Amino acid sequence: MKTALSSLWQTLFGHPVSAFGVVSLVLLISLAIAPAKNYFSEWRHYQKQYLALVRSRGEAVTLQRHFHDGIQQIWLPGLGVVDRCTTCHAGLKEASLADANLPQPFRRHPVIPHTLDQFGCVMCHRGQGPATTVEQAHSSTEAWEQPTLPARYVQSSCGQCHRSPLTGTPQLNLGRNLLGRYGCVHCHTIKLPDGSAIKPTDDPPSLEHIADKTTREWIYAWLKDPQAYAVTATMPNFKLSDPDARDISAFLIASSTPIPGDTAPASPSKEKDQKAPDPTAGASLYGESFCASCHAVQNAAGNVVGGDVGPELTRIGNKVKPEWLRAWLRNPRVYDSGTAMPHYRFTDPQLSLLTAFLGNKTDSDLLANVHLDAATPEQITHGKLLVTEYGCASCHEVSGIKKPDNFAPELTRIGSKPLTQIIFLPGMTHAIPDYIAAKIRQPRSFGAALKMPQFSLAPAQIDALTTALLALTDRAHDLPLALTVPAKPPSNYEPAGKAGQLMADMACFTCHAINGRGGDMAPDLTWEGSSVQRQWLQAFLKNPGTLRPALIRRMPRFNLSDDDAKELTDYIMTVYQTPAFDRDSMPSSGYPPAQVEQGKQLFYSKYACQGCHIIDTKVDKGYVGPTLTQVGSRLNAAWIYHWLKDPQTMRPGTIEPNRNMNDEDARALTTFLMTLKSSSKQEAKK
Amino acid sequence: MIRHWRTFFVVSIILVSAGCARKPGPASVLKPSGFGAALVESSGGKQIGATGIVLAQPLVVQVNDEQGTAVTGALVEFSGPVGVSFDPPSGLTDSSGQLSTNVALGSMAGRYQLTAHTLTKAQKSVELKIEEIALGYQEQVGYQLDNKYCARCHDPESTSERVSNYDNLEVKPHPFTEGDTLNKMSDAELTAIISHGGPALNKSALMPPYGYTLSKTEIEALISYIRLISDPPYHASGMVYAQK
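Chains as they are written, first to last, in the working numbering: chain A, 335 to 1020; chain B, 14 to 257.
Excised from the complex, chain B in its bound form (with noise of 0.2 angstroms):
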């Protein structure tokens, strides 16, 4: 009977380790040939994208070595907050030195700090991170908006599609992610101004209302985006409670 159960107990071992083996995913299958020094991002990063859904543009980052050319071969694991997947979630560089991945984001709005990850020859760690923002389905009708009627006095980027008009205004507008100066005014100072123009906060009649244009939903919506995107983040100052 003893006998028995020491059999029962050396087999299971065996299944058990057997199992545990094959768990680690192809992460642990892919053998670097390269090792970097640092680790820089190529593209990819700053993007804005939707809850859930791939970015429009991959993530793309470089491994270089201590000259700063690039490795080849280098192994770079990426990581994110909960919900965020990525594909692939690992793997080596190319002859570039370059690792491409798509990103899905998470289910809830916000900012997604991502991590990318390769280790040097001496097996210390190097990390990136990359951040990125995920509208919800408001953000995402502000962002609309804002590409429709805002950008293009208050976006100082021109694309050859869309000519900024910043560049010629006597009064600069404030672009929508300058959080030191967005982030002081309130909803309510927003809204005043989207409805009724500058004139509303003395401030420049250029910017002309949009109250008898948007709906009120509208531009909720726009504010929900423009609190989302400022640079640094905005902290509603009615919403921090004690955590336990």
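Excised from the complex, chain A in its bound form (with noise of 0.2 angstroms):
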């Protein structure tokens, strides 16, 4: 047995003395693998790389100094961040390697305003940290789904912390701008990690009433394609079958109910009206109401002119009904009590102007080939099934059908769907920004039969709103609340009585802001009462005047009753006061000749107050700023004397900059500018 055994030793090994060296050879090798796998490794490489360059630069000592040898890694246990980038990536936080012709990983990081002790790297690039080749830590792997993002949406990592606009981070600003605007959020919803959740903006109008508004047929073409009759449309393209927009529109015409008084018959005056038709007189209405701050028309070149807090007006004529078109007009509260247009209180003649003026605005190839039948009670009912189905009550009021409650899937932690959840298309990269960047840019090359709709978006708003999405990330929801930055909570101020029920009316909210509520288009007015003079104001609110020559959007004219300019007055002036300073503290008048001439020097030299000023319309040209012309009629002596001493503090996020002017100083350009006086004008001159 054991002879047997050793010559079968033999036979597999030779002889014990050869057998024992190949055995340690062998052994020697396995011991030495680790080692050169550890000394031929990736990062080493790219050390020894490192090294090589920096040895070839003017501050070679500075740079081998901060250089340390070895697995680097940032290890935040509160952020759960174990970052190894920086074994590589070894010349992140030094200035003098900044050229951009300095290849990666070895050039600085671009500056931001936090440092990577702070925060590490995957915070903001995601990939996986801890990995030490540059494939584990770049790219997607059996063992790591996330791949570092790409610099196109990098922005969304600010907005994993930040909640609100930062000035360097445009794309994730707009992209949440859109989630509002283009009303992606009335269908998804999308919670905010402090409970909230993002709101629509874009305010669909109700389908209840729409028979009195307009046409089926104009209904059917905007269905089959909205951006045909607006290029700025919001609504997006359902790519419905002729049928299906037939029945729709049938159903929505069949369902919808009459609102007393949302249609009004031209005036019985008309045929006085129509001896002396001019036909620029409703143009020049158009353009003295100012209209065009809201709403733009497309012009003869293909710009779309105007404001767009309105919807475009490029082919109006198509859409209303010129009775409900001259009640909307007289006051368009009848038919949408919530509306952002202000309700402008026109004559007769100027409603019959307008509506004639705005009802020439048409494209004749619009409603060309649209030939319905009346509407059979079967198309009736497949309406309204296909209205269901689409979730048209998502966003718009329809009689009859209840707004569905999240109707298509939550979005609130997308940026961080594991990709095993996810179809993508064949052809398409494994990586969660593309599937979003693909679904928002063609949702029905995801199937034929899915229900998105197809949204006009240009390719920078489809990344914008893609980063806006990867924000939603669960990091984002589990942070620490000390480390998020929380956007400014919404205002809900409603001013009160009288006052508060005309500024309703007037839409004063859709261009100024008050207590944290409104829009930017206008100054906020929040401490207006602090601000100007009682007089002024209601002779402004009667007929505004232009403050500002440069500007294009500019205050209308709401034709107020002198009751009602005065009651508006009084409230302003009452309760808009800011609490930092009395108002009547200093005189309006009545100072020292002296005084006011240094004002006026200090004006012109020191300050040079005229490059964005104007006082004197002659000599001056400053058309940055509001004119001062009649500054000492329309503002109070202390308003303008804290503003001199910090604007900023005044009205935050004016232009106007801090000065860091002295009191003296300050005292005499009030003075001086006090004693321009609408009547007075003259007599300051001298």
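The hints are simulated quantities; they were obtained by calculation from the structure and are not laboratory data.
It should be emphasised that the depicted structure is a prediction, and the values quoted were computed from it without experimental measurement.
Take these hints with a grain of salt, some might be off.
As the list claims (entries may be wrong) - In silico lysine-lysine, DSS-like type, Cα no more than 30 angstroms apart, as pairs:
(1) A/K955 / A/K1011
(2) B/K185 / A/K940
(3) A/K934 / B/K185
Stated by the list, open to error - Coverage of chain A stretches by chain B, computed from C-beta distances (three or more under 8 angstroms per stretch; other residues unrestricted):
(4) 482-494
(5) 940-949
For glycine and all other residues, C-beta sits at the position ideal for the given N, C-alpha and C.
Since each chain sits alone in its own frame, please combine them into the complex, following the hints.
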């Protein structure tokens, strides 16, 4: 037995001594594998390259001193960050390695407001932080789903902690804005970490009374292709078949209920108007009323000119019935109590002019090929079914159909959606950003039966939306509260009483903000009562003049009655006052001439205010700030004084620079400006 | 055995050549039906975008023949430095002789020189260079500040949304692209004039001080932006090292 075993040994391994030698060699080699793997590892290769690169540069000694051999790691237990990226990216903190022709991974990191040691790398760039090979760190592997984020979406990472707009992240800001403006959040719920949800900002019209406003033919054409009617329309294209569009239009007209007073036939004095028809009068009324501040029109060159608060009016004549338009212009709140459109209080002849002017804005091709027979009951029933299926009621109020809850998948954590839950298209990169962008670009490419409609978005808008959605990660929701920068809470400020009703009627908040609520087209009025003089305000509300000659968006005239103007003036003067100072603490006139003269000197020489302001229309040409020719009749002395001392405190975000003015100069300038009165202008000049 | 090797060799050659044949992108699939003599930029050049992000306007180039008439169906290919992507990277010109592409710049802030390229009938190459600027985070902040505070006087261009005050000023401000002047000023000088106004450098008091309005970081951001857009390009004096 023993001999049999030893002979087997002999045949297998030869002589025991040589066998010992072979086995030792094998052991030695196997022991050398680990150190060799370490020695020839990728990261050592990069570190050697880095040192070679550094040696050739002027500040080699400093760079070499900063360099640390071996695997480097940023460990932030609070954030769950273990990043070894700096092992290869050795020059990230070196200001002298900023030139663009340096190869990666050796370039300096661009200047950002955070340091590497504070947040590590993967917080912003994603990828696998602890990995020490290029592929594992950057790409999606079997063990790690998230590849590094392409540079075009990197702003999304800022959005994980920063909930309000940042100066340096315009793409993220735009994307968040579009989520509301294009109404994505009507169907897709997006909850924010603080528990609130993103709110839509597009205000889609109610369809409950649509038959008063427009025709079935227009609805049909609009449903088939919203952008054919208005290039700026945010309504998406549902790619409806002809019969489906026919049936939906049939249902919407059939389910519509009339509102008393939302249509008005042309006035009986129409004949009188027609006696002196002035073709330019309608256009000038449109201009004088500053309709273009909110509404755009596409000109002959194809450019869309005007504001984007209200709908585009290029082909409005194709859409609305003249009798509805007339009633709408008379008082839009009859048809839609919450509209952003002000109540202009136009006279009857003005209404006729505007109705005729807008009614002529038509495109003869738009409805030329739309011929619909009378709707059958089957069509109406089918239309109702389609309206329910497509979720129209998620955005619009529709008679007889309840707004569906969670009509589309919730997107609260879309940025961290596991890849295994996603069906990618053939040929697509298996990564979240690619999926989101493709889904927005062409939703139905993921299946013809999908309900998500086709939005008409520019490539930059698609990237912006993708960026905003990528910010909605698990990390964003699980971050310690102390690390997040919360958004300003939304304001639900409501002015009280009769003045409050008037302000709602004129839709002041569409353009002006007060106490955190409202638009940014016009100045913030939170402290208007401390700022202006009563007489001026009342006159301005009656007939708003021009304060900034270079501005194209201006306050329209609302044809207020004397009583209404007074009511509003009283309210503004009483309520909108700053607690910072007493409005009447400085007199409006009676200052010593020497001080006035000193102020004038300061205005023109030391502070050179004429660069931006005009006090003498013959000499000054400053068209940046408001004209100050009559500022002494417009503003309060105390307001001017405090404004000069610190403009940003009085109105956050104003562009007038803080001049760090001393009391004496501020007082002298205030004195001088207060002499610039509407009636005594000549006096002041002397 | 040798015969086997031979079959394997032949098969592998066929496989490799088949693999190679598929490699070239869609560019070679497009068959030009027209040939031009010149390539001109229609729109989309000299844009200021951000790193990695698609430029707001597409880049549109036009192919013309010797008489200057637009050529339909000419093949145009775009190329650029590392990191730049074009959508589409090549294509045939439309009925007005134009081809439009969406450009995303690379991940480093700086100037990007892009090339559009077409062939003449004689297979001679015609090139057009287009320059675009990518802002990094810091430059982006500077750009936003410029738009808000500076552009009203320093940018001679008026738009309907923002009327320029440039023409109204007795002492003309330097547009920020004016590299001939601004490149001679050091960072310290620019910081001084932004913080303390024109008189800090014996210049006009019409330039007000912004040191009490903007933070130190914001002023640095503004300067980094001014440096990036200056024409001719700015080269920091302390940063040039001998290259091996």
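So, going through the hints one by one against the coordinates:
1. A/K955 / A/K1011: holds, 19 angstroms
2. B/K185 / A/K940: Answer holds: B/K185 to A/K940 is near 18 angstroms, not above 30 angstroms.
3. A/K934 / B/K185: holds, 23 angstroms
4. 482-494: Per the Cβ count (5), the hint holds.
5. 940-949: holds (count 6)
Checked against the numbered hints above, the structure breaks none of them.
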